[in-house]
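Could you build all of it, start to finish, from the sequences and the hints given here?
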Amino acid sequence: MTLTLLNPEFQVNATASSGSHPILRMIARRLGLGVITVWVVTLVVYWATMVLPGDAATAILGQSATPERLAALTRALHLDESPVSAYWHWVTGILSGDPGISLVNGQEVVSLAFPRILNSAVLVIVATLLSTLIGISLGVVLARRRDTVFDHATSGVTLAASALPEFIVAIFVILLLSVKVFHWFPSVSTLNPGEHIWNEPSKMMLPVLTLLIVVTPYAIRMMRAAMIEALNTEYVELAELKGLTSRRILLRHAMPNALAPTIAVIGLNILYLAGGIVLVETVFNYPGLGQELVDSVNNRDVPVIQFLVLFLAVFYVVLNILIDLVVLLITPRRRVSR
Amino acid sequence: MTTNIPTRVEAAAIDVEGLTIGFPRSKTPVVFDVSLSVQPGEVLGIVGESGCGKTTLGLGLLAYTRPGLEILGGSVRIGDVDLVGLPVKRLREFRGNAVSYVPQDPASALNPALRIGVQLRETLQAHPGGMTSGEDVSARVNEVLEEVSLPVDRTLRSYPHQLSGGQQQRVAIAMAVVCRPRLIVMDEPTTGLDVSTQRQILRTVRRLNDEYNCAVVYVSHDLPVVAEIADRVLVMYAGRVVEQGPAGHVLIAPSHPYSVGLLKAAPSLDHAQRLVGISGNPPRPGAWPAGCSFADRCSRVTPECRESVPDLVGDREVGVRCLHPIPPTTNAASVGIPAAPPAATPAVAPVLEVTGLRANYGSSAVLHNLAFTIDAGSTLAIVGESGSGKTTLARCLSGLHTDWTGTVSYGQQSLAAAPSNRTVDQRRSIQYVFQNPYGALNPRKSTAEILEAPLLEFRKDLSRSQRRELVAQALSDVSLGTAFLDRYPFQLSGGERQRVAIGRALILEPDLLICDEVTAALDLSVQAAIVEQLRKVQDQRGVSILFITHNLAVVRSIADSCLVLSKGKIVERGTVEKVLNDPQDPYTIGLLRDVPRLGDALQRPSRDNAVRHSYVPPPRPEGPPQDR
Amino acid sequence: MPLSDKRQSKTAKAPHRGIRRNLHDALGTGRGQFGFALVALVVLVAVVGPFVAPHSAVEFTTAPYASPGGRNGFLGGDTLGRDVFSRVLHGGWVLLLLAATATLAGVVVGAMLAVVAAYRGGWVETLIMRGVDVGLAVPQMVLALLLVSVSGASLWLVVFAVASSQGPQVARVMYSSTQDIVERDYVKVARMWGTPSLKVVRREVLPNLMSPLMVDAGIRLSFSIIIVAGLAFLGFGRQPPAADWGVMINENRLGLLTNPWGVIAPAILLILLAIGANTFTDAIARTTLSESQSEPEPTADTAVPSE
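Chains as they are written, first to last, in the UniProt record's numbering: chain A, 1 to 338; chain B, 1 to 628; chain C, 1 to 307.
These aren't lab readings, by the way, just hints derived from the structure by calculation.
Be aware that one or more of the hints could be misleading.
[Stated by the list, open to error] Here are the simulated lysine-lysine pairs, DSS-like style, with alpha carbons at most 25 angstroms apart:
1) B/K567 <-> B/K578
2) C/K199 <-> B/K460
3) B/K445 <-> C/K199
Laid out in structure tokens, this is it:
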């Protein structure tokens with residue numbers, strides 16, 4: 001939950017040093033750092049799920065565990081070995097594409113998680129695209145109509161809306177559009193096994209709407225603030241003194257400069273969504289990564305927890321590099337090394 | 001002296017009548033009742049301190065106001081059309097076309113996200129004139145870029161950040177002339193540029209002004225620059241025109257006490273003089289007095305000055321708004337600029353001795369093998385353009401930059417690089433004053449707290465009342481009253497902040513004061529006061545001063561000896577007299593040649609186009625002109 | 001003239017008294033008053049609630065999901081037939097306490113790490129900021145879930161989990177603020193004097209960090225409330241039968257059609273709290289912003305005060 005809308009100064013570290021391909025060097029550096037970050041995350045995740053609770057196997061199965069199950073579990077998680085070698089087994093397993101099997105139903109973690117991740121990805125992508133579209137266009141309009149009644153009203157609403165807990169939004173969305181006032185969409189998004197969410201788009205409606213309500217206000221506020229800042233610059237003043245049309249000033253002079261900080265916020269939005277789906281998917285019983293994570297935490301399905309958290313960390317690292325890259329590409333100033 | 005005014009035959013390029021700009025709701029004016037006209041081919045200089053409405057007036061000539069302000073009355077005529085009250089759509093046909101604007105800081109006025117080519121072409125496309133095809137546009141764009149001496153293809157493809165400051169300003173000028181305007185308004189276009197770049201830009205402006213026969217309004221606080229470029233000068237004070245006339249008149253023998261004050265504050269390259277600042281600040285809009293706005297700062301004030309605002313006596317060519325103007329026959333010498341006292345006799349013992357100083361930033365060497373000494377009780381000026389390494393030198397000596405080798409002897413001991421490796425006494429006796437007074441003071445501390453901080457650090461022996469005494473003393477040493485004790489930095493003007501910063505350094509009774517461009521961010525009138533302040537402190541305390549500056553003229557007024565730094569090497573050294581009067585190194589000679597002088601206003605021929613076209617600037621004497 | 005009056009009064013007031021002045025200014029704005037009123041209202045309900053509730057939190061008073069009114073109480077019954085109104089009054093204070101404690105811990109630790117990293121530089125900076133990166137790499141909700149999953153839901157663990165998910169966020173923001181201030185000339189002056197680091201930080205750096213820190217703390221508090229309530233909603237916070245707004249929303253969801261108040265009442269309180277905290281923070285941010293803008297630029301002729 002990394003949204004700091006009140007601090008529009010979002011640092012992008014374009015630390016490319018002098019060289020022939022500053023952008024390539026930046027990517028290489030960031031990838032290197034990302035690998036280190038992910039590696040430390042594996043340590044933390046492993047420590048949190050395995051080492052801390054003392055006898056992990058007993059903790060996982062509870063006091064009523066049969067000796068046979070306990071022994072099977074101990075072998076599956078390499079608990080009979082030293083923590084270091086158990087960790088080593090786990091990491092090498094993941095690197096070779098085998099993060100283990102679920103303790104609950106014995107399924108391969110990958111085949112269990114993959115369809116869930118796909119379902120969640122659809123949710124996040126749709127919500128991101130829509131919120132970006134709405135955010136940028138509404139932000140531009142508001143900046144243009146700054147200090148009108150429309151602007152003040154929208155600013156108040158977006159400020160209030162940007163603080164709403166997503167599970168509560170979800171419940172009100174259900175009340176309004178599913179069970180109480182209107183009966184347009186199903187309130188539960190469960191799917192038959194093997195079914196994909198994009199084949200039943202009506203089940204996506206309410207989760208997407210919920211995420212939109214939570215995330216779009218940030219995009220709007222950021223775009224508005226960035227546009228206002230861009231419109232207050234000397235280059236816009238000069239454009240005005242050159243006799244350019246206000247349309248050209250708005251779209252050609254102000255907007256390109258307002259886009260970079262907004263894209264940074266949109267990136268943060270995506271990261272927020274990656275966490276927000278945990279609650280939203282639970283409310284809607286949406287068969288995605290978030291719900292899976294909650295289920296496996298409830299069931300102490302350690303291999304699944306480890307895999308999902310690690311997946312999110314990798315996603316974070318890759319996404320961050322992509323955001324910085326996009327910001328770099330649309331900001332000519334930043335492309336040169338300093 | 002050129003005071004003869006040519007008769008007007010052509011129509012004025014712009015005709016302004018009673019222009020008043022201010023806040024619309026309270027009707028508070030920022031610029032009040034300004035009338036002026038500029039002839040084609042004429043350059044009108046507008047001068048005055050910060051906050052006098054120069055920029056507001058300049059923008060007003062395009063019928064443009066910054067957000068919050070509005071044109072409250074008057075007219076701005078271009079030909080038969082009054083721009084004031086024109087609908088925005090019609091106004092756009094004039095802006096950038098008939099009247100164009102060159103901004104102060106092209107680095108922030110050129111759009112960082114658009115290539116120069118796009119920004120140049122769009123101006124032309126907005127005002128196509130007779131141009132129909134894209135080739136016409138391209139041809140014209142190429143033409144103007146050549147006229148401002150920029151490489152065409154490379155410039156078109158560049159983004160603003162890929163150009164130097166001088167190149168950016170050339171682009172801005174090209175943008176201003178591309179539609180062949182009748183009038184170009186230039187707002188401090190060379191502020192922040194090195195003198196050599198400034199000289200080239202001024203030449204370009206002059207040439208284009210001749211070639212296009214367009215009028216130029218040149219807004220600047222820098223009198224010598226205006227002297228170099230302007231035919232006529234208009235002095236603004238508190239939103240009103242207080243004096244106008246030919247440059248040779250206003251900048252050499254002005255009539256208004258304010259103009260005189262500005263002149264006395266301007267340092268001269270050619271002779272040493274005590275600088276005299278104008279005490280106090282210009283009144284803010286809304287706080288203008290009922291009488292003459294300058295009355296509170298004027299030495300010739302009489303009670304009747306305060307009764308009502310004096311009229312602008314004269315016509316549009318020569319006029320002065322003063323009840324007691326200085327008679328026009330008086331010249332600069334009798335205006336009362338006191339001559340500087342003879343240079344202090346050099347003390348025997350050097351306070352600081354530098355040998356073999358080399359400094360690096362990362363892998364690049366910035367200073368190469370510098371060696372010099374600073375005599376006790378004297379002022380050494382380090383002069384250099386941007387990138388010469390002068391600030392790095394200051395930072396090495398003060399301990400802010402630690403990546404250097406060499407020996408710096410202070411008294412009997414040598415000085416370590418990092419402050420933590422220096423003795424307490426070394427840290428106390430070398431103090432530093434920064435260039436930007438706006439960043440030098442902690443905004444959360446009052447003046448008293450700021451001044452007390454060094455005492456808490458170095459004078460732990462003092463009691464609270466003793467500290468308070470020293471703080472009050474320090475405040476009066478820098479000519480600030482005890483009323484300032486409880487003020488916070490945001491309540492102080494730039495000059496006042498810089499005084500507090502100097503006071504903070506002096507309260508420790510240092511032996512050496514390092515002043516890094518301490519007046520660069522200040523108005524000339526404030527600069528004069530600060531320079532005199534430093535002189536006074538030196539006379540009283542015998543403190544040595546290392547004065548780092550890019551401004552050669554200031555060196556005359558403050559320093560005893562002088563080093564010229566170029567690309568990290570000392571290219572010239574000696575007494576100020578010797579370096580400025582008889583420079584040996586080509587770099588110094590070039591630097592001196594490029595500095596604009598007030599006397600240039602005298603050399604300007606009368607504004608006659610026939611004469612102007614054949615006008616060639618006379619070769620500059622290498623030394624000071626003998627005629628003064 | 002009104003303009004000069006404004007300037008004068010600004011000069012007359014004791015300026016820059018840090019936090020207190022910012023709070024004071026924020027409360028002077030409509031936005032600030034609105035936000036503060038909302039927060040105060042919800043806090044009042046949570047704190048005074050337990051003393052005025054008609055029933056205890058666990059008492060069975062009526063039929064499950066009984067409609068509001070009469071003997072069923074002001075807001076009807078919940079999933080097990082307990083009084084919704086009483087449970088709402090009982091169920092806020094622990095949540096608020098947890099969120100506030102976690103925020104405080106996260107902000108203090110995060111800010112300290114940020115200041116140390118930005119001021120010390122070198123390997124200390126690298127170590128701290130890489131660590132922060134690790135903390136940021138896992139979504140906050142997931143990080144909290146992960147830590148809570150370690151040994152079940154103890155309240156201390158909730159505080160620890162939320163605090164350690166907030167710390168890196170705070171550190172990221174405060175790091176860039178501190179970097180900005182450490183580069184200021186007045187800090188350099190103190191360093192040149194050889195003033196000990198701790199003193200420089202305390203006297204020159206921290207006072208200028210308070211405004212951004214307060215704004216960030218406000219944002220963090222909003223998110224802490226969301227996370228703590230969210231954890232309870234997922235079943236990893238306080239456990240039934242305890243009255244807790246997050247728990248209530250979850251356990252009464254099935255009766256949304258029969259008696260929605262079991263969900264709506266705690267939901268509305270949480271929403272009001274979040275909106276209030278956010279609006280008030282925004283008001284503070286605006287006052288600190290106008291404060292930093294009150295510094296005029298040098299020589300520019302443009303330093304005309306706006307009306």
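Evaluation of the provided hints:
For the hint linking B/K567 to B/K578, the alpha-carbon distance of about 22 angstroms falls within 25 angstroms, and the restraint holds. With a CA separation close to 15 angstroms, the supplied pair C/K199 and B/K460 stays within the 25 angstroms bound. Restraint check for B/K445 and C/K199: satisfied, since their Cα atoms lie roughly 15 angstroms apart, inside the 25 angstroms limit.
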